[in-house]
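J.: With chain A fixed as given, assemble chain B onto it according to the hints.
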Amino acid sequence: MPARDYIRERFFPHIWCPGCGHGIVLNGLVRAIENIGLKKNDIVMVSGIGCSSRIAGYMDFHTLHTIHGRALAFAIGVKMSRPDLTLLVPMGDGDALSIGGNHFIHACRRNIDMTAIVMNNRVYGMTGGQYSPLSGYGTMATTAPYTNIDQEFDVVSMATAGGATFVARATAYHVQQLPDILEEAIRHKGFSVVEVMTPCPTYFGRKNKEGSAVDMMENLKTRTTPIGSKAKQENPSLIERGIFVKKELPEYCAEYQRIVERAMKGK
Amino acid sequence: MGGELRFVQGNEACVEAALYAGLDFFAGYPITPSTEIAELMAERLPRKGGTFLQMEDEIASICAIIGASLTGRKVMTATSGPGFSLMQEGLGYAIMAEIPCVIVDVQRGGPSTGLPTKVSQGDVNQARWGVHGDHAIVALTASNHQDIFSITVDAFNFSETYRTPVILLFDEVMAHMRERLEVPEPGEIPLVERLKTSVKEGVDYHPYLQREDGRLPMSDFGGVHRYNVTGLFHDMWGFPSENPKVVHELLRHLVDKIDNHVDKLTRYREYFVEDAEMLLISYGSSARSALHMVTDRRQHGESVGLLELQTLWPFPSALVREKTRNARYVVVVEMNMGQVLQSVKAAVERPEQVFLANRVDGVLITPADIRDILRLIQGKGV
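Top to bottom, those sequences are chains A and B.
Following my numbering, the residues of the first sequence are numbered contiguously, the last one being 283.
Following my numbering, the residues of the second sequence are numbered contiguously, the last one being 384.
Since the hints were made in silico from the structure, they are not lab data.
Bear in mind the structure is a predicted one, so any value in this text is a computation, not a measurement.
Mixed in with the good hints there might be a few duds.
Cut-off 25 angstroms, straight-line C-alpha distance, at most; resulting in silico cross-link-like pairs (DMTMM-like, lysine to aspartate or glutamate) [claimed, not checked]: (1) Lys281/A x Glu6/B; (2) Lys259/B x Glu244/B; (3) Lys50/B x Glu226/A; (4) Lys198/B x Asp100/A; (5) Lys56/A x Glu203/B; (6) Lys237/A x Glu200/A; (7) Lys50/B x Glu200/A; (8) Lys50/B x Asp100/A; (9) Lys55/A x Asp222/B; (10) Lys347/B x Glu244/B; (11) Lys50/B x Glu271/A; (12) Lys281/A x Glu41/B.
So that you can see chain A by itself, here it is in the shape it has in the complex (with noise of 0.2 angstroms):
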């Protein structure tokens, strides 16, 4: 199926700022998809509240847009009824991670079959440039115009840790990685967490000097480099991107199935 044939083209051109990353995340969605053959009736996409979350709306799948930061778990709720589809659930920073913290650590270790992506541009958008918890410290944002004191979470890191089975980082300047990236994600059999580094020129580029768009695009590429590179071990400040985690575990709606047989059989 054409690439166009997955979005819904009568809401374009998108709300996106010029020069914002979303828009790849979107396109490397779709193309992951495409090389999938995932049939649009079996997607459900998740989405919260902020500059990500309107992605949902120009897919054309089954698409949930729900309130600040809980789209995990509403996904939750879509998944354990229809184990059957296929979940995606786009998130922002400030959206997945401070608002949705605690559903985003929970549905790692519950390891339950859905895509989280992380549309990761280390501000709030929507509300004009506010510090985001992936900000980082010694950042500028309109509630930090002295400076951010804020230390910030890695998500690969701290989805690792919460025990998602598949760990990737992709940026959307790499716009080849990023379908493959996403495709292996959608794939895997469990709870895969993708962060994508998205530039927000209008917000955290102005903050923080980081010139154009274009300069920001290129510094995704000159400050990120794959897992394991030459390149980390001269320089440690490089961003790795890659896949850090792709393992085998019980995965929750096949583990309450499980559950299910048990109950009917009264043991």
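T.: Then chain B, alone, in the frame of chain A:
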């Protein structure tokens, strides 16, 4: 009724009724005094192929049941005051997106952690206005286990009929007290099943386009129709809209679909109301004490009566006005600072004749408590 005779807690009666009504998905988080509902669901639901989930908190619990309801399940969660507070945003979402679900709030003393193991009826107005923004809500209660059973089935039926969340406001005494319950035979109480769309695959389906009778046929998430669900104001396709006409019409619809059906949503019981000079109005466990007192005083020749409300929201104002017309005094018996009292005063012709008989110390109000207050009102002294 020819059903099985049981000796159960109120929480158990609620579970039996929910299963009777066709519940097949429950998500919850432990909290006193509602926990037995979750425990029983964990045991019973898998036996019928249903789903029980213990979530990480009450916020996740209500979100999970909303997600499951969208796929066509009958769903419920159960909690108490602090958890009910956490659920308010999810509750508002279910109102806005018109997703059927049932939320049990077993009331305990509040605010805050309050009195976790003691009785209260302090969440009545939270049930009405805990959610931000204009909206309508259905909240039901009962004062004995047989009625807990039937009102719980009503809750599921109302939630499906009006595509709305329904709140069951029980209290600690009702939840933990044991008494007899006759479980009705299957089919004895009619059940309302979800109204599904008849629109065929490939034909445009409008999830928020009302039929002539105002109802919205649903298509299960994961089915043949793909659509959008959002907590934003939305058009008939479910897509966000800020069009003033769309916004106005949706808000009116959300309020009117409940407020225009007060008669159908009203459940109540009445005892000696006709000629009552002194009419008590009560609900939940306090209605038990009120009924005891009324029955006792009638034997002494006093003209007292009781109107027991089972539907608290939408408030049955017309019913209360009609039933109180001939009473000299109206006394609202409840375990809070006068939450239903406010609604009664607003409903009656002579609000200055409405008094409050309450207890707010975590102890069940007794018939003697009520009698003492009545004597004060009548100027007889205690």
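J.: Now, for every hint given, state plainly whether the structure supports it.
T.: Here is what the structure says about each hint:
1. Taking the CA atoms of Lys281/A and Glu6/B, the gap is near 23 angstroms; set against the 25 angstroms cutoff, the hint holds.
2. At roughly 21 angstroms between alpha-carbon atoms, Lys259/B and Glu244/B fall within 25 angstroms of each other, so this suggested pair holds.
3. For the given pair, Lys50/B sits about 58 angstroms from Glu226/A by alpha-carbon distance, which is inconsistent with the 25 angstroms threshold.
4. For the suggested pair Lys198/B and Asp100/A, the alpha carbons sit about 21 angstroms apart, so the restraint of at most 25 angstroms is met.
5. Under the criterion of a C-alpha separation no larger than 25 angstroms, the hint pairing Lys56/A with Glu203/B is consistent with the structure, at around 13 angstroms.
6. Only pairs whose Cα atoms come within 25 angstroms are accepted, and Lys237/A paired with Glu200/A is accepted, the gap being roughly 22 angstroms.
7. Distance restraint check for Lys50/B and Glu200/A: the Cα-Cα separation of roughly 35 angstroms exceeds the 25 angstroms cut-off, and the hinted pair is therefore not satisfied.
8. As the CA atoms of Lys50/B and Asp100/A are separated by approximately 19 angstroms, the hinted pair is consistent with the 25 angstroms bound.
9. Between the alpha carbons of Lys55/A and Asp222/B the distance comes to roughly 16 angstroms, so the proposed pair stays at or under 25 angstroms and holds.
10. Straight-line distance between C-alpha atoms of Lys347/B and Glu244/B comes to about 38 angstroms, which puts the hinted pair past the 25 angstroms bound.
11. For the hint linking Lys50/B to Glu271/A, the alpha-carbon distance of about 16 angstroms falls within 25 angstroms, and the restraint holds.
12. The straight-line distance between the Cα atoms of Lys281/A and Glu41/B is roughly 19 angstroms, inside the 25 angstroms bound, and the hint therefore holds.
Consistency with the previously given hints fails for numbers 3, 7 and 10, ordered from lowest to highest.
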